[in-house]
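Colleague: Knowing the structure of chain A, use the given hints to seat chain B on it.
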Amino acid sequence: MDELKDELIAAKKTYTLYELNNLIKAEIADAFPAAYWITAEIAEAKCNQRGHCYLDLVEKEDDRTIAQIKATIWAYEYRRLAYRFEAATGETLKRGMKILFLASVGFHEVYGLSLNVRDIDPTYTMGEMARRKREVIERLTREGIMDLNKRLSLPLVPQRVAVVSSPTAAGYGDFANQLDNNPYGYSFVRLLFPALMQGQVAENSIISALEEIRRKRRLFDVAVIIRGGGSVVDLNCFDGYPLASHIAKFPLPVITGIGHEKDDTVVDLVAHTRMKTPTAVAEFLISGVRGFDERIMELRNRLVTFSEQMLKDETHRLHSLGQRLRFLPVRLRAAVENRLLVLESGLSASVWRLMQKEENRLHRIEQAVRLLDPQNVLKRGYSITRRKGKVLRDASSVRRGDVLETTLHSGSITSVVARKGDNAEDEQKQTDNLLPGFD
Amino acid sequence: MSRSRQITYSQALTELEKIVSEIESEEIDVDAVAEKVKRAAFLITLCRSRLKDTGEEVKKVLAGMEEKTEGGETMIEDLGLD
Numbered sequence: 018m019d020e021l022k023d024e025l026i027a028a029k030k031t032y033t034l035y036e037l038n039n040l041i042k043a044e045i046a047d048a049f050p051a052a053y054w055i056t057a058e059i060a061e062a063k064c065n066q067r068g069h070c071y072l073d074l075v076e077k078e079d080d081r082t083i084a085q086i087k088a089t090i091w092a093y094e095y096r097r098l099a100y101r102f103e104a105a106t107g108e109t110l111k112r113g114m115k116i117l118f119l120a121s122v123g124f125h126e127v128y129g130l131s132l133n134v135r136d137i138d139p140t141y142t143m144g145e146m147a148r149r150k151r152e153v154i155e156r157l158t159r160e161g162i163m164d165l166n167k168r169l170s171l172p173l174v175p176q177r178v179a180v181v182s183s184p185t186a187a188g189y190g191d192f193a194n195q196l197d198n199n200p201y202g203y204s205f206v207r208l209l210f211p212a213l214m215q216g217q218v219a220e221n222s223i224i225s226a227l228e229e230i231r232r233k234r235r236l237f238d239v240a241v242i243i244r245g246g247g248s249v250v251d252l253n254c255f256d257g258y259p260l261a262s263h264i265a266k267f268p269l270p271v272i273t274g275i276g277h278e279k280d281d282t283v284v285d286l287v288a289h290t291r292m293k294t295p296t297a298v299a300e301f302l303i304s305g306v307r308g309f310d311e312r313i314m315e316l317r318n319r320l321v322t323f324s325e326q327m328l329k330d331e332t333h334r335l336h337s338l339g340q341r342l343r344f345l346p347v348r349l350r351a352a353v354e355n356r357l358l359v360l361e362s363g364l365s366a367s368v369w370r371l372m373q374k375e376e377n378r379l380h381r382i383e384q385a386v387r388l389l390d391p392q393n394v395l396k397r398g399y400s401i402t403r404r405k406g407k408v409l410r411d412a413s414s415v416r417r418g419d420v421l422e423t424t425l426h427s428g429s430i431t432s433v434v435a436r437k438g439d440n441a442e443d444e445q446k447q448t449d450n451l452l453p454g455f456d
Numbered sequence: 489m490s491r492s493r494q495i496t497y498s499q500a501l502t503e504l505e506k507i508v509s510e511i512e513s514e515e516i517d518v519d520a521v522a523e524k525v526k527r528a529a530f531l532i533t534l535c536r537s538r539l540k541d542t543g544e545e546v547k548k549v550l551a552g553m554e555e556k557t558e559g560g561e562t563m564i565e566d567l568g569l570d
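Going down the list, the sequences are from chains A and B.
Using this note's numbering, the first residue of the first sequence is number 18, and each one after it goes up by one.
Using this note's numbering, the first residue of the second sequence is number 489, and each one after it goes up by one.
This is chain A alone, in the form it adopts within the complex (with noise of 0.2 Å):
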């Protein structure tokens, strides 16, 4: 065994690390001599001021990495991939991110064993992208909060709004100017709770924003995330369940203006409402106060109206009783003219009843008394006998010789008493006799 190991030494050859990193370097080159498509997940990416872009590349099972190495995208590369990744994909290249690229396998004597990325497929990303997207929908659903948010009503006037955005966007600009400039004067309430709307840090920057919003909630109606006027990449920070889940949860209706014309995030698919712009956010929030308006304005026409009309009315009943007031006079007057001609009538007959009543007492006492006239009486044989101008009823005075008047029914005569008798009472009874008739 010593020898053996002797022997070894003596023919050891030694190199020095250079000479052994150049071995190296030529078998990899050897062994790799094409470029190959590899698919990884960054770990991390960073780019230096020369504008080479150095990437760590995973391979990860259940969380546990598997595999790692370090990749480069060289300027003059990087440019250009990175252009045509962003147009495609929207999104920047950063960790968390799985790409599909071509690249040859390099050793370099200092920087070690590394990967030189030469291309960058998007599609493969984008579908990754969807897939995560689709992963985190479906998780929503499951959950059962994909529209949790939607499910609640729009405040009747929403006109205290809490806006989500970064203070310096030109978005949050063009959306507070829509709002505070609206045609119709509206006065609306907005407070902006500040949050970086980009990059690694946006999601947890929002949903802390949301937190705040959430503990003063009572104060608003609506909660409005709007971004815009920035770049259109990077919007997967929209992507992400925990953000999404948020919003599904707030108790505000939020409503999204996030700026893209790309298909939607997650965050605006569990929004209550998805906005183009920040301007459509503001658009969409002066039209909700104008329907309430405008549901006011018509009651108030409908009152006016029908006040009005039932005004009208009243005063078409009030013209109508005073023309039958008018005419009332005249009726009145007809009527108790009426009444009066009726009740004359019926007094005329009663007079006339009465009349001939009296009348044909009149005639009985008439012929009752005609009966009675002494012409009448005298007519009938009767006569009446005067003693110097007096009339005789009773013979006892009558001396003999004494003169007498006979007045009879036609004429007179004048005798001279020769004899007396003594027949009074016969006289007397004729008399009576007479009476009856005489009422």
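One should not assume that every hint holds.
Stated by the list, open to error - Restricting the straight-line Cα-Cα distance to at most 20 Å, the calculated cross-link-like pairs of lysine-lysine (PhoX-like) are: (1) A:Lys437 / A:Lys407; (2) A:Lys329 / B:Lys526; (3) A:Lys329 / B:Lys540; (4) A:Lys115 / A:Lys167; (5) A:Lys87 / A:Lys63; (6) A:Lys87 / A:Lys77.
In short, the hints are calculated from the structure, not lab data.
This structure is a prediction, so every number in the text was calculated from the model and none was measured.
Modeller: Relative to the frame of chain A, chain B by itself:
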């Protein structure tokens, strides 16, 4: 002012709708109409003026809040660490 504060938009709207339908259905007599129309006019004016002026009260609350929010920025950071 304090009385009107206590009426929400939806309460005002509900009451207004009730008044208008009552009057339109002619369920109330002319004397009551005058009173109702007066109330409706009050509610309409109240709503419309509040649409155009959110009121000092709200502004005050918000002014107080804004100070708090500035002080509360640390809270945002605290939450971010969670």
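Colleague: None of the hints should be skipped; say for each whether it holds.
Modeller: Hints and how they fare:
For the proposed pair A:Lys437 and A:Lys407, the alpha carbon gap of about 18 Å is at most 20 Å, so the pair holds. A distance of roughly 18 Å separates the Cα atoms of A:Lys329 and B:Lys526; the hinted pair therefore holds under the 20 Å criterion. Distance hint between A:Lys329 and B:Lys540 is unfulfilled; the C-alpha atoms sit about 34 Å from each other, more than 20 Å. Among the hinted pairs, A:Lys115 with A:Lys167 is inconsistent with the structure: their alpha-carbon atoms are about 32 Å apart, more than 20 Å.
Restraint check: the Cα-Cα separation between A:Lys87 and A:Lys63 comes to about 11 Å, which is no more than 20 Å; the hinted pair holds. At most 20 Å may separate the alpha-carbon atoms for a hinted pair to count; A:Lys87 and A:Lys77 meet this at roughly 15 Å.
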